[in-house]
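Q: Starting from the known structure of chain A, arrange chain B on it as the hints suggest.
2 protein chains.
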Amino acid sequence: MKIKFYYGSGSPFAWYVWLVLEHKQLSYDITTMSLRNGELKQPEYLSINPHGKVPTLVDDDFVLWEASTIVEFLEEKYPDYSIIPRETKQRAIARRYVAEGYNYLYPIIRRIMDLTLMRADGDGDQATIKMEMENLDRELDYFENAIQNDYFLDEISIADLAIYPLLALVKRIHEKRPLLVVGGLIKPKLAAFMNRIEALPYFAVTTPPHWKG
Amino acid sequence: MKIKFYYGSGSPFAWYVWLVLEHKQLSYDITTMSLRNGELKQPEYLSINPHGKVPTLVDDDFVLWEASTIVEFLEEKYPDYSIIPRETKQRAIARRYVAEGYNYLYPIIRRIMDLTLMRADGDGDQATIKMEMENLDRELDYFENAIQNDYFLDEISIADLAIYPLLALVKRIHEKRPLLVVGGLIKPKLAAFMNRIEALPYFAVTTPPHWKG
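Just so you know, the sequences run in chain order A and B.
Its first residue numbered 266, the first sequence is counted upward by one per residue in my numbering.
Its first residue numbered 266, the second sequence is counted upward by one per residue in my numbering.
Take these hints with a grain of salt, some might be off.
Each pair may be met inside one copy or between any two copies, as identical chains are not told apart.
Below, in silico cross-link-like pairs of lysine-lysine (DSSO-like), each with a Cα-Cα straight-line distance of 30 Å or less [claimed, not checked]: (1) Lys342 <-> Lys289; (2) Lys452 <-> Lys306; (3) Lys269 <-> Lys289; (4) Lys289 <-> Lys395; (5) Lys354 <-> Lys269; (6) Lys454 <-> Lys269; (7) Lys289 <-> Lys354; (8) Lys441 <-> Lys269; (9) Lys441 <-> Lys342; (10) Lys354 <-> Lys342.
Hints listed in this document are in silico derivations from the structure and should not be mistaken for laboratory results.
Excised from the complex, chain A in its bound form (with noise of 0.2 Å):
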């Protein structure tokens, strides 16, 4: 065992990592951090992750975050069950792709759970959460469009994995907040695209255990 992989349940770039280390078959060591009762900000866990953050990998004693960073160094470090394209524009298309989610797809999300889902006081200025909404069902509309037949590319790559958990907080805010829903949302070719990332053998275990049932 010489990967460990401090997780939090919820995180989307940490689901990101999780499903490479499942895709690629590796075996690890997984840490699970509450994300809500301070525990990333612990003197202890700080000294591993300075930002606070998850997730962090350390292979044998090489200490890295950002998702994106850990995904490009399991790539190159473990090479069998790629998933980055081989061909260069193919490649390049896979990581814009990663961008894209998380610069322009993410940050619409995370404002509308900030509204909704991660307020104890009830949710926030309903029309800027129908304005979110709204942004949010336009954004989503770049993705649908984007899909190929099965995947973001020919084959599953990093903008699937990547994009997955993002289209996963989406859903949960669609069931957990059906009346505030603005649009389609999660269309029929994203829609199909989700069962088939959760019909991969080495989905069920990545879930998120409070998202079950």
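A: Same frame as chain A, but now just chain B:
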């Protein structure tokens, strides 16, 4: 002339790609887009980059966006004058710094810009600005401590060329709003690092025109 580069003056992401193009001694045709008059959201540009952002790179007929993705593509397609270290762990650390700059430092800079230099009707709430300035100063300490000798790693890398433009934005905020500054911001090691980047033979050509003089 086979590379077309769409740039915007003041965008740290576009500046990063420009520094990499220059470092790699590539020839390119540059198009400067206005970031303020809506030019990025015109149909003509949106047909090239659906997000209406800079930078965009066109290599032969391959169109690519998202700064970090463009840089990985350039390094793979044009390996001369390499800007990503060769050794796996060093590569990971270089990429990690880029991600940290964009994920932790840039959002604070962006919020301060939006509260100050980007406003036509005077600065925003002073207490919020003060809080963000404190966040900025703390985040900069991380990078101050990360500098090795001359650069973030032993040799010049993507870490340096990505983070320099962020520091230049900090310096600009400092110059334009000296009274709002909290803490030292650009401390000695980062100041020396900035001088070192500014002394690179290819630096001057990339300086935003309206920042000169």
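Q: For Lys354 vs Lys342, is the C-alpha pair at or below 30 Å within one copy, between two copies, both, or neither?
A: both (22 Å within a copy, 9 Å between copies)
Q: Given identical chains, is Lys342 near Lys289, meaning Cα to Cα at most 30 Å, within a copy, between copies, both, or neither?
A: Both: 11 Å inside a chain and 26 Å across chains, each within 30 Å.
Q: Can you give me the call for Lys454 and Lys269, within, between, both or neither, at a CA distance of at most 30 Å?
A: neither (35 Å within a copy, 33 Å between copies)
Q: First find the shortest C-alpha distance between Lys269 and Lys289 inside one copy, then the shortest across copies, and answer within, between, both or neither for a cut-off of 30 Å.
A: within (15 Å within a copy, 37 Å between copies)
Q: Go through the copies and call it for Lys441 and Lys342: within, between, both or neither, with a Cα cutoff of 30 Å.
A: neither (40 Å within a copy, 46 Å between copies)
Q: Can you give me the call for Lys452 and Lys306, within, between, both or neither, at a CA distance of at most 30 Å?
A: Classified as between: cross-chain Cα gap 25 Å, same-chain 38 Å, threshold 30 Å.
Q: Have a look at Lys289 and Lys395 and pick one of within, between, both or neither, based on CA distance no larger than 30 Å.
A: neither (40 Å within a copy, 46 Å between copies)
Q: With identical chains, the pair Lys289 and Lys354 could be close in the same copy or across copies; at 30 Å between alpha carbons, which is it: within, between, both, or neither?
A: both (22 Å within a copy, 19 Å between copies)
Q: At most 30 Å between CA atoms: does that hold for Lys354 and Lys269 within a copy, between copies, both, or neither?
A: between (32 Å within a copy, 16 Å between copies)
Q: Give the relationship of Lys441 and Lys269 under a CA distance limit of 30 Å: within one copy only, between copies only, both, or neither.
A: For Lys441 and Lys269, the Cα distance exceeds 30 Å both inside one copy (33 Å) and across copies (46 Å).
Checked against the numbered hints above, the structure breaks hints 4, 6, 8 and 9 and satisfies the rest.
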